[in-house]
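Taken in sequence, the protein lines are chains Y and U. As numbered in the numbering used here, residues 295 to 895 make up the first sequence, in order. As numbered in the numbering used here, residues 262 to 555 make up the second sequence, in order.
Please keep in mind that the hints were generated in silico from the structure rather than gathered at the bench. Treat the hints with care, since some could be wrong.
As the list claims (entries may be wrong) - In silico negatives: residues of chain U with every beta carbon more than 12 angstroms from chain Y: (1) W314; (2) L330; (3) L406.
Unchecked claim - A short, non-exhaustive set of chain U residues, derived as facing chain Y with CB atoms under 10 angstroms: (4) L378; (5) A525; (6) A526.
Every residue gets a Cβ at the ideal spot worked out from N, C-alpha and C, and that includes glycine.
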Amino acid sequence: MSNPVLTSAEVTAPAGRRNLLRPDIRREVALGIGIVVLAVAVPIVAGNAYWLQAILLAAVYVVAASGLNILRAQAEQLSFGQGAVMGVAAYITALAATAWEHPLPVAVLLGFLAGMAAGMLLALPSLRVQGYYLGFVTMAGALALPEIFFLFEEQTRAVTGVNVATSAIRDVAFWRTEWLTLVILLCAVAALVVAGLIKSSRFGRQLKVAGTSPEAAMTLGLRPGRLRLQAFAIASLMASVAGVLYVLLIQYVAPGSFTLALSIMLYFVVVIGGAGTIVGPILGVGVLYLVPDVALASLVDYRLLIYGITAFVIMFLMPDGIAGGLRRAIHRLRGRTAPAATISLREVLAQAPEAGDGATAAARTGGPLLRAEGLAARFGEVQALDGVDLEIGRGEIHAIVGPNGSGKTTLLNALSGLVAVDSGTVHFDGEDVSSTGASGRARLGLARTFQTPRVFADMTVWENVDCGADDGRTHWFAEALEAVRADWDELPAATLPHGQRRFLEVARALRRGPVLIALDEPAAGLSVAERKEFSALLRSVVAATGASVLMVEHDLELVWGTADRISVVDAGRVVVSGPPAEIRHLPEIGRLFAGVNHVAG
Amino acid sequence: MDELLIILVRGLGAGAIYSLIAISLNVIYNATGVLNFAQGQLLVVAGVFTYLWLPEGAAAGGPSWLLTLLVVTVVVALIAALQGWLTLLPMRSPSDQHSWIITTIAASIVLGAIMVLTIGPRVLTLENLFGQFPLGGSRVPFVYLVVIALALVVYLFLRCFQRRYLVGLALNALSQDLEAAKAGGIRTMPLQVLAFAIAGAIMGLTGFIGGHAIGIVESQALHYVIFGFIVAVVGGLGNNTGALLAGPAFGLLLMFVSYQAGGAAEVPLALAVIVVVLMLRPEGIFGRPHARRV
Numbered sequence: 295m296s297n298p299v300l301t302s303a304e305v306t307a308p309a310g311r312r313n314l315l316r317p318d319i320r321r322e323v324a325l326g327i328g329i330v331v332l333a334v335a336v337p338i339v340a341g342n343a344y345w346l347q348a349i350l351l352a353a354v355y356v357v358a359a360s361g362l363n364i365l366r367a368q369a370e371q372l373s374f375g376q377g378a379v380m381g382v383a384a385y386i387t388a389l390a391a392t393a394w395e396h397p398l399p400v401a402v403l404l405g406f407l408a409g410m411a412a413g414m415l416l417a418l419p420s421l422r423v424q425g426y427y428l429g430f431v432t433m434a435g436a437l438a439l440p441e442i443f444f445l446f447e448e449q450t451r452a453v454t455g456v457n458v459a460t461s462a463i464r465d466v467a468f469w470r471t472e473w474l475t476l477v478i479l480l481c482a483v484a485a486l487v488v489a490g491l492i493k494s495s496r497f498g499r500q501l502k503v504a505g506t507s508p509e510a511a512m513t514l515g516l517r518p519g520r521l522r523l524q525a526f527a528i529a530s531l532m533a534s535v536a537g538v539l540y541v542l543l544i545q546y547v548a549p550g551s552f553t554l555a556l557s558i559m560l561y562f563v564v565v566i567g568g569a570g571t572i573v574g575p576i577l578g579v580g581v582l583y584l585v586p587d588v589a590l591a592s593l594v595d596y597r598l599l600i601y602g603i604t605a606f607v608i609m610f611l612m613p614d615g616i617a618g619g620l621r622r623a624i625h626r627l628r629g630r631t632a633p634a635a636t637i638s639l640r641e642v643l644a645q646a647p648e649a650g651d652g653a654t655a656a657a658r659t660g661g662p663l664l665r666a667e668g669l670a671a672r673f674g675e676v677q678a679l680d681g682v683d684l685e686i687g688r689g690e691i692h693a694i695v696g697p698n699g700s701g702k703t704t705l706l707n708a709l710s711g712l713v714a715v716d717s718g719t720v721h722f723d724g725e726d727v728s729s730t731g732a733s734g735r736a737r738l739g740l741a742r743t744f745q746t747p748r749v750f751a752d753m754t755v756w757e758n759v760d761c762g763a764d765d766g767r768t769h770w771f772a773e774a775l776e777a778v779r780a781d782w783d784e785l786p787a788a789t790l791p792h793g794q795r796r797f798l799e800v801a802r803a804l805r806r807g808p809v810l811i812a813l814d815e816p817a818a819g820l821s822v823a824e825r826k827e828f829s830a831l832l833r834s835v836v837a838a839t840g841a842s843v844l845m846v847e848h849d850l851e852l853v854w855g856t857a858d859r860i861s862v863v864d865a866g867r868v869v870v871s872g873p874p875a876e877i878r879h880l881p882e883i884g885r886l887f888a889g890v891n892h893v894a895g
Numbered sequence: 262m263d264e265l266l267i268i269l270v271r272g273l274g275a276g277a278i279y280s281l282i283a284i285s286l287n288v289i290y291n292a293t294g295v296l297n298f299a300q301g302q303l304l305v306v307a308g309v310f311t312y313l314w315l316p317e318g319a320a321a322g323g324p325s326w327l328l329t330l331l332v333v334t335v336v337v338a339l340i341a342a343l344q345g346w347l348t349l350l351p352m353r354s355p356s357d358q359h360s361w362i363i364t365t366i367a368a369s370i371v372l373g374a375i376m377v378l379t380i381g382p383r384v385l386t387l388e389n390l391f392g393q394f395p396l397g398g399s400r401v402p403f404v405y406l407v408v409i410a411l412a413l414v415v416y417l418f419l420r421c422f423q424r425r426y427l428v429g430l431a432l433n434a435l436s437q438d439l440e441a442a443k444a445g446g447i448r449t450m451p452l453q454v455l456a457f458a459i460a461g462a463i464m465g466l467t468g469f470i471g472g473h474a475i476g477i478v479e480s481q482a483l484h485y486v487i488f489g490f491i492v493a494v495v496g497g498l499g500n501n502t503g504a505l506l507a508g509p510a511f512g513l514l515l516m517f518v519s520y521q522a523g524g525a526a527e528v529p530l531a532l533a534v535i536v537v538v539l540m541l542r543p544e545g546i547f548g549r550p551h552a553r554r555v
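Next up, chain U with everything else stripped away, as it sits in the complex (with noise of 0.2 angstroms):
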């Protein structure tokens, strides 16, 4: 029973996580129709960056750890902001074939060789700086509650940036109809680097404040960005209050199994969901079926 209780916990973490990974690749696939590759790796990138500049002895919520909260969060922003850009640039080109698959993926492959290079293939483990609470007998990090926190700040940002700002009102119209936001004169470029931006400064943030609950390794990365897919999808690929849902449940059902059948379990489950989701209805679970345009 206790034991079920910590899993609960820590499965809906974690699905907080695939969550916001999932709202950040919705952010850039509804602006570009691009979905990001390099999306994992950021994650990773904002944790090595905060294990390399978190002063020690910083406190939660105490001036130091705001001010690396700001700068992780703007750092990792530019850099998404940055990969954007240069994934946005051939897919202008007429023979364009689907680039961003490559260069999203390069891109990921790029950062990961980076951090390689730099700090090693090793993991780092992020100090838990949120402190643990009982339950049941035992002791659970409360980073997992604060990053189910995150994933509602974020969604519900969003949210309210997306109908109540002309730029989030532009971004939303780039997601209705990308053509024709163009032919009504929103120059799509920029907002279409703001989207990577705003994906990679909540990657930031998700690294910076979740880092602990998850293993910051660079060979992580495409786990962590196929899991965000599979979540995306089961909630309506594009569709953010499915992925707010959908999220801790795929995570719960993650940490059950490999509690039950060990880790090596967790990715052929995870394949298993997204095929069985996909077969049964592949326009998601909250997701709308379209038309079918002949």
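So that you can see chain Y by itself, here it is in the shape it has in the complex (with noise of 0.2 angstroms):
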């Protein structure tokens, strides 16, 4: 397929290189091995076999934590079977190495790879449902998963349980120091830079975008279940690894070891401590687990109280958790007030190259760039689109105009591919789309925003305009953001105010070099001044890249001053069809144009 909008095939060097971690992070990403180690070194010096066995079965919730951390803050799935994955991985060990007969690492192996099938299982339902239906489902799994083990009694001895023998790891490495220790060190510092690396990629905030919204994923080429099954397996990893080192430091394991109880601490573990943060697992072990388990096991009868009623109160006091509270409380203490964001696209336009480059003169030949035939949707007893026909010309502004419920929006999902058609073939830019889903559709150039700008508040502006599909096209849009990324990268999404959203949402799909970009309502919540700085946009837009803009707009004088063609939308139908010149005296037009004053004259 040709693009006329790509203006050069080469890849440009991957800016990221030089800072896979972000400062931020990479800051708390040291705070938390620091400590990591440091509780862990402690009780070696001190020779206190008791507080370091503590530590390091804490160590090991905190790699599963740091896991559920990523399942449930970055791409924002909600599972109660991290504990359950860690108890398949950990009973398989354990049998292997001893009812089967394998040597160590071969049953250290088996029980990983079932600790991922069984994290793999329980992320099926994530293709289906979202929410609190998977957190119930995945809670499910976790309640059967002990009385499973009971049901096969005679291959898991779930009973008497399984005691493993110590083994070549538990020798002494170096100075009171076992190679288990070593090796489970080893593994907490490598969640906590896991957990920092995919924070700070485009990949983590691919995650996020799916699991926040997943219309807005598709519209940025991204397939969110895809997505959301890969995060799946990052967070089964480490519950599997957490599974293998638990059977390694304890040497015991039974039904018993694995019930939801200790799922549903996990996920205590990551809200509590901080969600999305790197340290919360390791505050949120410290609170949940060392206190009521290890520092207060005299109080052994009152651990439950302890535990649920520290949880009630963490929440009431830092609703965002210990790691969030903090860092809340640093910011007011410094003073720190984030100052309104404003972000122009005026500049990064500036730099487009010169029109002779035939990106616009090859736009206008050739068919039209997307042409609907006969599109029909009906939910329940609405028939939304009935028999629409539609053709967006190259570098064309389309408006879609319409009364209230005349299907609008509706039509816009189905030229995107949001919604599916009862019938009507869509045919994009020469190819024929109408099985294709949205984030295909997207991939072949096709952009999109929302009547509510999909901005994710936790990101900075940057890290919001570069989260799309990686589909390895670039485009001099692209490049030319690269001039403000430094800038962009300084401001916090959640600052921008309503109308610098819109453009922020325009630059993230201009990103990916579309060819066409629909807008739902783009002018809905603007000032006056920023809707007539809007429509200069959409025409530099179109002047600058060659691509058409396809828009479903209320504002009937932005419509009239800047589209090129406009479509009349009436009960799921298009009712006329012209440029603004040619319509204007259809009665249809007066109708629906009435309040307009210069419409007229």
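Taking the hints as your guide, dock the two standalone chains into a single complex.
Structure representation (structure tokens):
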């Protein structure tokens, strides 16, 4: 497929190479590693075996919780199955090492693989359901696990549990320090680093987008289902590692070690510690495991009471967890208030190559960019689309207007693939995309923005722009954006006012080098000045990129002043379509545009 | 054949209890969007209160029985109201990230811990006050039929309450659109706490009347709430009619399978049910599919 908007095939050097970890995340990872190393070192130096064992188990929990943290905070998947995955890995390792008489390395590998398999099994429902549905399903899975062990009592020795003999891994490596201690420490450090890497990466942001707004993810060319499975795979990997380490450390497993309570504790650890932070799991394990189970071991009868009340109180005082609450407090002490951010696309668009590069000229040749025929969609009793025919030319600004409920947004969704139509065909850039999904159409160059801008508040402006699919296409706009990257990476997106969020969404769409940008009510909520600016922006986008624009808009003045072609939709059909000058005297237009003064004149 | 009859009665009775849990989950869910994980523990609490407070020799329907019924129902409703209020408070913070998941599970843990501290981790067995009736050469406790009747009564009461009374209508409004109800001048917080109280009262009644049919032990609480959730989902979350019908079907299935394969198969089977239903029909068997909003 020839794509006139692409100006060069060569791939720009990955600018992220120089900082795989964002500076603030690097500090957090370093802090986390420091805490873990210190926590392990102190009991070794003090020669306190009881505390060393407790700290090492805490470190194992940190590994599992860090994985769950990625799943919960980065990919927005609610899972209560992390403890069950850990349990499967641990149990299979123990059985393989004893009943099945495999050497320990083989047993560890088998346990790890079994854990991964269990994790992916728990991940499957996420393809279909989200939110608390997913939470309850995974919770039912975690509840069922010990019962399954008992169902197969003969194979699992569920009643007695399984003892695993100590092995060479418990030999002393150097001065009082066992090999196992080093291995656990290494895994905990690795878990923190991986968490930091994912949080810093575009992949991490893609997980976030897919979890928070699957529609937005699809219009950016992402495949939310696949991303969810990848997130589950990472979380399961960490849980499986934790399960194997658990066996090596405790040397005994029984179904009672991996009840739902463990999965719930890991979930609590993530949220109470501070979901989405690197040190959160460490703080959570400290507060919810070390304090009630070890430090207050003399109050063992009150363990659950202390645990439950601690969780409750922290949710009350710090709704975003200990790490989130501490960060908030530090910011307040420093008196740091984020400035109201502004972003401008003008300077970026000014870097457009001369029109003589052929992009625009090429764009004007050939057939229509998009041709829809006979689109029909029915929701229950409502015939939202009733045989829509529509053509969008290359380099054209095409506006869809019509009364509320006439099917405008449904039409936009049907064209971008977010809504499945009952009948009709869509050809895009010469290809039949009727059976292509939203992310497939996005990969062909169809971009889309939403009525409510999908801006992810806990990322910076730059991160919001750079979170689409990496499909290797480069484009002058993406290169031009590098100039503002540093500035935009300083701005938290949460501080952007509404109008600016529109521009951000447009920048995100343009970064992917689209040939068609579909905008759903782009002027809604914009001030008069911002509307003028937006209108000018659309013009310069078309001029600079050669892309077409399709917009659904209620602001008829904006439509009249900007669009090359207007289609009027009513009751699921296109009733009139044509350039403003040709259709202005038609009665349908008069009725619709009655309030707009300059139309008549 | 006789065994099958007994399985039928027991399965339907146990299912009616799952229906009642599901209905109480629905009441809270419709008013607040919260799925109360502590609901199973409230059922256990009701059973414990019945065990502690019901005078020995009290006959079903007698004055001391009725008085204890009233006291248990009211006290569990008050506990639920308090728990609901505590759950709803942090949800008003702008930085709230589904804190209710933590706070309702934590409430369940705290209630369980208090029970273990006061009465120990033992399984309480409540007396069967309703007698037995002969069935196919065996005798079956009446309580299984009584809980089925209770489920019907609660269902009809809620239906009537939500259509005839202003407070019920306001609760109904919350379930249609929480934001719009707020904008319409309804003070949501007291209504939402009321929803928790109603759900608590349902658990109080269920624990008091049906306590003989279930094991009253803290460690079963999460089982009860998960089974209740499964019934609610199969019936369509928020849909009481669906919950009323799905409960007995689910109870029957569980009873039959645990008769065939042993009690350990119960939870894995329940898991299979929820996975299959969610994969095939996420909106539930009786739920209506929603058009996705983009």
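Tested hints:
1. With a closest Cβ-Cβ approach of about 23 angstroms to chain Y, W314 (chain U) is found to remain outside the 12 angstroms limit, as its non-interface label requires.
2. Non-interface call for L330 (chain U) relative to chain Y: holds, since the shortest CB-CB distance, roughly 29 angstroms, exceeds 12 angstroms.
3. With a least CB separation of 29 angstroms from chain Y, L406 (chain U) remains clear of the 12 angstroms interface cut-off, as annotated.
4. Taking 10 angstroms as the C-beta cut-off, the interface hint given for L378 (chain U) holds, the closest approach to chain Y being about 6 angstroms.
5. The closest approach between the C-beta of A525 (chain U) and any C-beta of chain Y is roughly 5 angstroms, which is under the 10 angstroms cut-off, so the hint is satisfied.
6. The closest approach between the C-beta of A526 (chain U) and any C-beta of chain Y is roughly 6 angstroms, which is under the 10 angstroms cut-off, so the hint is satisfied.
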